[in-house]
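Engineer: Take a look at the letters that make up each chain.
There are 2 protein chains.
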Amino acid sequence: MSLLVVGSVALDDVEAPGGKVEGVLGGAACYFSVAASYLTKVAAVGVVGDDFPTEHLEFLASRGIDISGIYTAAGSTFRWGGRYHESMNDRDTLFTDLGVFETFNPDLPDSHRDPRYVFLANIHPSIQRRVLEQTRAPQFSAMDTMNFWIEGTNDELRQTLSQVNGLVINDEEARQLTEENNLVSAAHAIRDLGPHTVIIKRGEHGALLFDEHGIFSAPAFPLRHVKDPTGAGDSFAGGFMGAIAKHDQVTPEVLRSAVISGSVMASFCVEDFSLDRFRSLRADEVDERFEAFRKLTRF
Amino acid sequence: MSLLVVGSVALDDVEAPGGKVEGVLGGAACYFSVAASYLTKVAAVGVVGDDFPTEHLEFLASRGIDISGIYTAAGSTFRWGGRYHESMNDRDTLFTDLGVFETFNPDLPDSHRDPRYVFLANIHPSIQRRVLEQTRAPQFSAMDTMNFWIEGTNDELRQTLSQVNGLVINDEEARQLTEENNLVSAAHAIRDLGPHTVIIKRGEHGALLFDEHGIFSAPAFPLRHVKDPTGAGDSFAGGFMGAIAKHDQVTPEVLRSAVISGSVMASFCVEDFSLDRFRSLRADEVDERFEAFRKLTRF
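In order, the protein sequence lines correspond to chains A and B. With the working numbering as the guide, the letters of the first sequence map in order to residues 8 to 306. With the working numbering as the guide, the letters of the second sequence map in order to residues 8 to 306.
There could be a bad hint or two in this list.
Copies of the same chain are indistinguishable here, so a pair counts whether it falls within one copy or spans any two.
As the list claims (entries may be wrong) - Quick list of in silico lysine to aspartate or glutamate cross-link-like pairs, DMTMM-like style, CA-CA up to 20 Å:
| # | residue 1 | residue 2 |
| --- | --- | --- |
| 1 | 48 | 294 |
| 2 | 48 | 65 |
| 3 | 27 | 278 |
| 4 | 302 | 260 |
| 5 | 48 | 178 |
| 6 | 27 | 93 |
| 7 | 302 | 218 |
| 8 | 48 | 291 |
| 9 | 27 | 104 |
| 10 | 27 | 99 |
| 11 | 48 | 255 |
| 12 | 253 | 62 |
| 13 | 253 | 298 |
| 14 | 302 | 219 |
| 15 | 302 | 292 |
| 16 | 253 | 158 |
Worth flagging that the hints you see were computed from the coordinates, not collected in a lab.
Work the whole structure out from these sequences, hints included.
Structural biologist: Take a look at the structure:
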């Protein structure tokens, strides 16, 4: 197995200046795996309730994603509702109904225990660690987290961080985790906690990669129309890990190129609600935007 | 004459988390011309009061800057006081005493009327236009502005904008000027007002260049220690215009490279209070940081 992701599968309600959708496909594992599917073979592990529309699983499968690790439990699928403000940089969470996700703590099937690359999306850090410990020596493992775990389960989070190779985190969370306001200092502090590779996502301002070879700065793609930022960070992570898996090596060059692949997938994600942009997105459009990133940054 | 800048010469009081200074050298024309002096021959036009310390003029002259256009008027030098917050992104203006700057409306000496490149720093748009009209056919002219002029002298600002080739403006001002929240849309709207080249400064997030060839995104240099952001935008403009004057052509390649030169000079500016970093900055350090920008963005 090339790439494994563990995380949420959700049904989202989203309000944004450009429209409103209800009960649409969401969740970190979905955004991640669909974005990664343009680059590599990916397997998703998650849970859905018995209310989850079959068509969503069919869509994931149509992207070549191994969904055998997404199991159905009695109860409701995780539901999240959010509203974006005019600037698109701020959002209010309107509700979070965990449903069957509340007790999510997967036992990996044996077929899923040998991934070369593993991504632990934003879930309880102890569950992240338990999943990681079920895999046998992946080449590169990375994780995401959020303010809720930084505040509530800091010790467990630090324990998990000490076991992964990479952290993909947004700027505010990096500051909160390290109590460092400066992002360079924050990244150094995170590297001291374990991960040799740290990626700080800055939304419309792009992403910074910190590793033992220095710093790489990638812009976000300047888009004239952003419809729905939901899932951009998870799509970024999917593009990033997907590109690493595609190259099947973790060199400084591959990491930089992978950050651009992540930025490419995030830029498509926000062009429509839910995962809708990926329903029509072609491989040649992905390649084209990667080249557009070269043109955007070359001097 | 290669490059001409018209703007403020000031004495600043600055409070920041790392310290506090009083009555130090400041003003857009000073930051601009000192930054540009690393790249080209620059002349500054401005006014100081009879209280202005001679040592500051000597410092400017020591950088090879033509200060014959900085005249002394009876009264006080423009004084500005500001306080930065912990994040360094926000500041409060504590006071603005215009002094002799209030009636600044220079007649260019004949020796200053043939610059190949002109920069109109942030002053009343009608005075910017009057200065521009005193120059004979510069190759490339650009300007800055601020919220005060956007709100109070919008018609005059639009008239001046219709006569310059470039606008260097920060993100919030670009949004305010165009009433477009999206920066790509804002840049398009500004280009419709006249300037074919638009640079949107985003502070610690870098700068975007928009011209007829597309978009170029430059990061800010990731610094671990920022002491005083005052003058970063003016130093950026000085590096940008200085690099254009150095290459003495306005091609898409030169504009991109010039944005990096601007980012280099801004990155040094913020490393110390006032213009103090420039007092010790060597040309080889400037070249080295330009190369560091390549390493920072290459993939």
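Engineer: Each hint should be assessed against the structure and marked as holding or not.
Structural biologist: Okay, the hints, checked on the actual structure:
Only within a single protomer do residue 48 and residue 294 lie at most 20 Å apart by alpha-carbon distance; the minimum there is 17 Å, versus 44 Å between protomers. In this assembly of identical chains, residue 48 and residue 65 lie within 20 Å of each other by CA distance solely inside one copy; the values are 16 Å within and 66 Å between copies. For the homomeric pair residue 27 and residue 278, the shortest alpha-carbon distance inside one copy (14 Å) is at most 20 Å, but the shortest distance between copies (46 Å) is not. Taking the shortest alpha-carbon separations for residue 302 and residue 260, both the intra-copy value of 18 Å and the inter-copy value of 11 Å come in at or below 20 Å.
Within a single copy, residue 48 and residue 178 get their C-alpha atoms no closer than 29 Å, and across copies no closer than 40 Å, so neither meets the 20 Å cut-off. Within a single copy, residue 27 and residue 93 get their C-alpha atoms as close as 14 Å, which meets the 20 Å cut-off; across copies the closest is 37 Å, which misses it. Taking the shortest Cα distances, residue 302 and residue 218 sit within 20 Å of each other only across copies (13 Å), while inside one copy they are farther apart (24 Å). Taking the shortest alpha-carbon separations for residue 48 and residue 291, only the intra-copy value of 18 Å comes in at or below 20 Å, while the best inter-copy value is 48 Å.
When the C-alpha separation of residue 27 and residue 104 is checked against a cutoff of 20 Å, the pair qualifies only within one copy, where the shortest distance is 19 Å, while the shortest distance between copies is 50 Å. In the homo-oligomer, the alpha carbons of residue 27 and residue 99 lie at most 20 Å apart inside one protomer (14 Å), although the nearest pairing across protomers, at 38 Å, exceeds that limit. Taking identical chains as interchangeable, the C-alpha atoms of residue 48 and residue 255 lie at most 20 Å apart only when both belong to the same chain, with a minimum of 12 Å there against 51 Å between chains. Neither within a single protomer nor between protomers do residue 253 and residue 62 lie at most 20 Å apart by alpha-carbon distance, with minima of 28 Å and 61 Å respectively.
Taking the shortest alpha-carbon separations for residue 253 and residue 298, only the intra-copy value of 17 Å comes in at or below 20 Å, while the best inter-copy value is 30 Å. Taking the closest pair of Cα atoms, residue 302 and residue 219 come within 20 Å of each other only across two copies (14 Å); inside a single copy the shortest separation is 27 Å, beyond that limit. Taking CA atoms no more than 20 Å apart as the test, residue 302 paired with residue 292 passes inside one copy only; the shortest distance there is 15 Å, against 27 Å between copies. Taking the shortest alpha-carbon separations for residue 253 and residue 158, neither the intra-copy value of 35 Å nor the inter-copy value of 52 Å comes in at or below 20 Å.
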